[in-house]
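Asker: Here is how the chains run, residue by residue.
Number of protein chains: 2
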Amino acid sequence: MHSFQELTIQFGEHFAKEHFPEKPKKLYDAASHILKIGGKRIRPILALMGNELFDTIHPDAYQVGTAVELFHNFTLVHDDLMDKAPLRRNQPTVHTLYGDTAAILAGDVMLINVYEYLNKVQPQYKQKLLAAFNKAAIEVCEGQQIDMDFEEMEPEHVQYDDYVNMIALKTSVLLAASLKMGAIIGGGSEYNQEHLYQFGKNVGIAFQIQDDFLDAFGDPEKFGKQQGGDILVNKKTFLLLKALELCNGTQRSKLKELLATNPEDKVAQVLELFHDCQIDQWAEKEKERFHDLALEHLEKIAVLSARKQPLIELADFLLKREH
Amino acid sequence: MHSFQELTIQFGEHFAKEHFPEKPKKLYDAASHILKIGGKRIRPILALMGNELFDTIHPDAYQVGTAVELFHNFTLVHDDLMDKAPLRRNQPTVHTLYGDTAAILAGDVMLINVYEYLNKVQPQYKQKLLAAFNKAAIEVCEGQQIDMDFEEMEPEHVQYDDYVNMIALKTSVLLAASLKMGAIIGGGSEYNQEHLYQFGKNVGIAFQIQDDFLDAFGDPEKFGKQQGGDILVNKKTFLLLKALELCNGTQRSKLKELLATNPEDKVAQVLELFHDCQIDQWAEKEKERFHDLALEHLEKIAVLSARKQPLIELADFLLKREH
Chain A
1 MHSFQELTIQ FGEHFAKEHF PEKPKKLYDA ASHILKIGGK RIRPILALMG NELFDTIHPD
61 AYQVGTAVEL FHNFTLVHDD LMDKAPLRRN QPTVHTLYGD TAAILAGDVM LINVYEYLNK
121 VQPQYKQKLL AAFNKAAIEV CEGQQIDMDF EEMEPEHVQY DDYVNMIALK TSVLLAASLK
181 MGAIIGGGSE YNQEHLYQFG KNVGIAFQIQ DDFLDAFGDP EKFGKQQGGD ILVNKKTFLL
241 LKALELCNGT QRSKLKELLA TNPEDKVAQV LELFHDCQID QWAEKEKERF HDLALEHLEK
301 IAVLSARKQP LIELADFLLK REH
Chain B
1 MHSFQELTIQ FGEHFAKEHF PEKPKKLYDA ASHILKIGGK RIRPILALMG NELFDTIHPD
61 AYQVGTAVEL FHNFTLVHDD LMDKAPLRRN QPTVHTLYGD TAAILAGDVM LINVYEYLNK
121 VQPQYKQKLL AAFNKAAIEV CEGQQIDMDF EEMEPEHVQY DDYVNMIALK TSVLLAASLK
181 MGAIIGGGSE YNQEHLYQFG KNVGIAFQIQ DDFLDAFGDP EKFGKQQGGD ILVNKKTFLL
241 LKALELCNGT QRSKLKELLA TNPEDKVAQV LELFHDCQID QWAEKEKERF HDLALEHLEK
301 IAVLSARKQP LIELADFLLK REH
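Quick note, the sequences are listed as chains A and B, same order. Just so it is clear: in the first sequence, position 172 is 172 by this note's numbering, and no numbers are missing. Just so it is clear: in the second sequence, position 206 is 206 by this note's numbering, and no numbers are missing.
Just so you know, the hints here were simulated from the structure itself, not pulled from any lab data. Misleading hints may appear alongside valid ones.
Pairs involving identical chains hold if they fit within one copy or between any two copies, as the list cannot separate such chains.
[Said to hold, decoys possible] Result set (DSSO-like, lysine-lysine): computed pairs, CA atoms no more than 27 angstroms apart in a straight line: (1) LYS242 to LYS23; (2) LYS23 to LYS222; (3) LYS36 to LYS26; (4) LYS300 to LYS222; (5) LYS26 to LYS84; (6) LYS23 to LYS128; (7) LYS84 to LYS25; (8) LYS120 to LYS266; (9) LYS36 to LYS23; (10) LYS300 to LYS120; (11) LYS23 to LYS135; (12) LYS135 to LYS120; (13) LYS26 to LYS236; (14) LYS84 to LYS36; (15) LYS25 to LYS285; (16) LYS285 to LYS254.
Just need the whole structure built from these sequences, with the hints factored in.
Answerer: Printed below as a string of structure tokens:
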């Protein structure tokens with residue numbers, strides 16, 4: 001059994017290689033750039049942990065881990081282009097450095113390479129792995145489209161449950177599928193796979209709530225981002241949507257006015273409104289609700305409790321972080 | 001044994017269905033739009049013919065056919081966006097109708113769906129089918145990048161052999177891989193698969209030469225496009241690159257001047273230069289050279305000649321067309 005910290009180191013060493021040929025240079029420089037920007041490599045770690053929940057780690061779990069990490073990076077390249085984002089982790093995004101065309105093509109070629117890695121696994125579970133992966137991959141695209149559709153809507157017209165569903169598709173199903181693919185390799189039963197999937201999905205939603213919470217209420221020095229960055233650009237977040245629902249008529253009008261007029265002290269004023277509506281307390285509770293849901297699913301998985309410990313610790317690490 | 005006309009009808013009926021769910025509406029309307037624009041469905045026909053060269057058609061060949069047709073349409077969506085093309089087959093392109101974001105996402109979700117169809121085939125040849133497909137798919141992206149790189153270069157700096165290689169990657173390898181994937185399903189040996197692949201690759205290059213030829217010298221009424229459309233936009237074609245190589249110094253200077261100055265009668269003047277340099281005759285010969293190469297590879301395939309007849313007829317149909 002390995003802690004997620006140990007697996008992070010092991011996968012990091014496995015993943016630290018050139019993933020692409022040299023030519024065409026622009027195409028593969030663009031694809032390599034996003035990988036060099038780095039990241040927590042959380043999805044491959046989940047694949048390894050999903051495997052180890054049931055059995056010792058099979059080399060195929062590393063192939064699946066590489067596949068899901070490449071897929072995640074493909075989504076970052078295309079999402080940054082769609083969002084016209086200039087920076088990611090304080091480095092220029094792919095389309096900023098290499099242009100829109102190379103960003104589209106680099107994403108495409110990364111997505112195809114995902115399936116090269118999935119094609120390396122043993123044949124007996126290839127069909128199930130591909131099915132689990134494709135379902136999640138399609139849902140990620142659907143989630144991104146729904147997010148783009150929401151962008152064009154007034155915040156008060158976006159229903160909270162629809163927003164949770166969008167977040168689940170856009171960010172959580174890939175975490176869930178990574179765990180499930182690991183479980184397939186580890187020989188977990190379909191019952192166990194499903195509960196592990198639900199564990200991952202609920203942790204993912206809780207993670208996003210935490211992310212929104214930190215953007216508003218986190219210590220900017222620890223979080224490493226400008227406080228209220230989401231508020232500044234009127235981003236639809238768990239906090240904003242719930243505030244519009246929970247606050248009283250006067251507060252709601254004030255909040256909508258702030259979104260529309262963009263005064264200089266918008267962040268401070270919105271944060272004050274969030275406090276008045278107790279959105280910070282609500283967010284803590286909502287995060288715990290999804291965390292608890294996740295743990296209930298983990299509880300139901302029929303393996304010795306000790307095997308679940310790394311997953312419990314990982315969820316704690318992700319959901320109790322301050323940055 | 002079926003003629004390619006019969007297979008066109010059979011695949012057409014198989015493919016005429018809704019390929020995507022209803023929601024998110026914008027995403028799947030965008031993806032459906034490109035399929036409704038239509039096309040010759042040449043790649044799936046090649047998959048069916050590759051299968052039937054060796055054995056009766058297995059239902060899996062239809063899954064592979066659907067996969068390669070979806071892939072081809074994914075490339076059209078992303079290429080049209082990169083080229084900023086307003087029209088395809090006289091209909092608005094996907095990004096024109098649905099915006100850049102939906103075009104990127106629709107392409108992405110189509111590419112993932114390709115692998116859903118490939119995952120439906122029997123397990124015993126899944127590994128080989130995926131490997132053959134992934135190789136071609138990666139090469140198509142590489143070809144598109146090289147094409148984009150050439151766009152930024154002066155025509156006289158693009159070497160003819162590099163241009164042929166780009167065309168092979170961008171358009172021919174998918175035709176070749178479609179045949180090969182059919183051959184894998186039909187149980188063709190690796191020797192036979194390879195020669196069938198080379199048949200398809202060379203037909204593909206000859207097809208592109210014919211396309212460039214028709215744009216310049218075809219009957220615009222039959223071809224359905226403006227004569228000299230490629231010349232008008234200084235598109236690098238087989239004809240232009242070879243003309244810059246074959247013509248004398250005076251002609252070359254004149255040609256470069258025409259490209260740079262864009263006079264009103266540019267098309268007529270460039271065509272006259274092409275005639276003077278006998279580029280029309282060269283193109284006919286060059287097309288036949290690749291056609292003959294293709295037939296040599298077909299010759300080497302160890303099956304009864306009668307089984308090869310539909311492929312010979314298909315190549316004739318594609319390469320002797322006037323539109």
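Asker: Could you work out which of the previously given hints the structure breaks and list their numbers from low to high?
Answerer: Failing hints, ascending: 2, 4, 8, 10, 15.
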